[in-house]
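Colleague: Residue-level listing of the chains:
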Amino acid sequence: MLSLYDGALDVPKILKEWYDAEAQSNYGAYIPFVGTVRSEDGIDGLSFDIYEPILESWYEAWQKKAQERGAIIKMAHSRGDVMLHESSYIAAVFSPKRRVALEFIDEFVEDFKASAPIWKYDLIDGQRVYAKDRSTAIKGSGILGANQ
Amino acid sequence: MLSLYDGALDVPKILKEWYDAEAQSNYGAYIPFVGTVRSEDGIDGLSFDIYEPILESWYEAWQKKAQERGAIIKMAHSRGDVMLHESSYIAAVFSPKRRVALEFIDEFVEDFKASAPIWKYDLIDGQRVYAKDRSTAIKGSGILGANQ
Amino acid sequence: MVRVEFLGPIQKDALELEITNLNELAEILQKDKELSEWLQNSAVAVNDTMVSSLDVVLQDGDKISLLPPVCGG
Amino acid sequence: MVRVEFLGPIQKDALELEITNLNELAEILQKDKELSEWLQNSAVAVNDTMVSSLDVVLQDGDKISLLPPVCGG
Chain A
1 MLSLYDGALD
11 VPKILKEWYD
21 AEAQSNYGAY
31 IPFVGTVRSE
41 DGIDGLSFDI
51 YEPILESWYE
61 AWQKKAQERG
71 AIIKMAHSRG
81 DVMLHESSYI
91 AAVFSPKRRV
101 ALEFIDEFVE
111 DFKASAPIWK
121 YDLIDGQRVY
131 AKDRSTAIKG
141 SGILGANQ
Chain B
1 MLSLYDGALD
11 VPKILKEWYD
21 AEAQSNYGAY
31 IPFVGTVRSE
41 DGIDGLSFDI
51 YEPILESWYE
61 AWQKKAQERG
71 AIIKMAHSRG
81 DVMLHESSYI
91 AAVFSPKRRV
101 ALEFIDEFVE
111 DFKASAPIWK
121 YDLIDGQRVY
131 AKDRSTAIKG
141 SGILGANQ
Chain C
1 MVRVEFLGPI
11 QKDALELEIT
21 NLNELAEILQ
31 KDKELSEWLQ
41 NSAVAVNDTM
51 VSSLDVVLQD
61 GDKISLLPPV
71 CGG
Chain D
1 MVRVEFLGPI
11 QKDALELEIT
21 NLNELAEILQ
31 KDKELSEWLQ
41 NSAVAVNDTM
51 VSSLDVVLQD
61 GDKISLLPPV
71 CGG
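Going down the list, the protein sequences come from chains A, B, C and D.
Sequential numbering of the first sequence, starting at 1, is according to this note's numbering.
Sequential numbering of the second sequence, starting at 1, is according to this note's numbering.
Sequential numbering of the third sequence, starting at 1, is according to this note's numbering.
Sequential numbering of the fourth sequence, starting at 1, is according to this note's numbering.
In isolation and in its complexed conformation, chain A is listed as follows (with noise of 0.2 Å):
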């Protein structure tokens, strides 16, 4: 289940949805895992763009590799702007056992980083401004570029 809110997210809504829906799945281990804006270098909080149609094959192929270890994936994103102290993002697994659950959010949430089709702007004085030195190249960026 991959959802996407435009702007904040409710955590305890969210948080609580997702534990009512899996109550009965006798899953041991319930994991979230939440992304909030913090107030650093005088920011007024972040804005986001989602290329959905990317961003929903890549989670469809985590959770392919959930089920194959007997788990369950859950995410929610925000799409434009998210302000100071407010949640822009949850990513959750269901386990039967806390292992698998341990290893595999930091799995998810790391390639979630890496890979997501997703880019973030700082809102600096009513500017969006993309947030360069953070991002990072998606695996085989450049094919296009001269000199390969």
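Worth flagging that the hints you see were computed from the coordinates, not collected in a lab.
Mixed in with the good hints there might be a few duds.
Claimed, not checked - Cross-link-like lysine-lysine pairs, in silico, BS3-like; alpha carbons within 27 Å at most:
{"hint": "1", "chain 1": "B", "residue 1": "Lys-13", "chain 2": "A", "residue 2": "Lys-13"}
{"hint": "2", "chain 1": "C", "residue 1": "Lys-12", "chain 2": "A", "residue 2": "Lys-113"}
{"hint": "3", "chain 1": "A", "residue 1": "Lys-97", "chain 2": "B", "residue 2": "Lys-132"}
{"hint": "4", "chain 1": "B", "residue 1": "Lys-16", "chain 2": "A", "residue 2": "Lys-97"}
Based on the hints, put chains B, C and D in the right spot on chain A.
Modeller: Just chains B, C and D now, with coordinates in the frame of chain A:
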């Protein structure tokens, strides 16, 4: 914050309380681990004994470790009976950065399993049966035994 | 005709091009000086599937996307 | 007088003993056949602090706890 409850945990309520409590603390990552009683081996549920003085000092040592990495922890656990598909354990970490949070929740949960003075019993046909096979001797055990 | 879309922070309108493979696309885009850094650090998808080399034959109606460095979360 | 408590699944009432060190405690408890497995797999705390050897001097009023294998969560 270490909270002990009689019986099952109200997971959505606790996750919300912790999230709200740290909403302005400028942590970028919040990772709760939720442990839920699985239906297996014909049990009706689990039951827990806790030795609180040593649990508290164990918890305080982890609180200090978290602090050294700029993070904080929270934990909730059940006393007594917790039935199938109810939850008995939540551990959480808040940290400015995701890597610290992802590594810390793993270490914290694993050491909890290995060291926290809590004893688990299967509830079977109204009996409380010590979960001996799933239990771990605390590091340094056996000093009072013969053949030392 | 093939459609080329520039995603996220690449401030450029989509192009409609008569090309039959990605090598032709690379030649065309490399003439645009403002794109040179983006070409070095962007990934490429054809019809929303990521590709890892230029050895891709394009069909009429295909959609090509350039994905610059990402930062979700 | 020193108090010895058996925690969790060890089904045994607390003892009040006149001992001055953990070696004496080990000798006394090893005579109880029902305790032999628990002695092999239990950790020991003196006044709620875990100890890793028997080289501990006991004072009047000290509390010793035996902690059998744990399984929280």
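Colleague: Are any of the numbered hints broken by this structure? If so, which, sorted upward?
Modeller: Violated: none.
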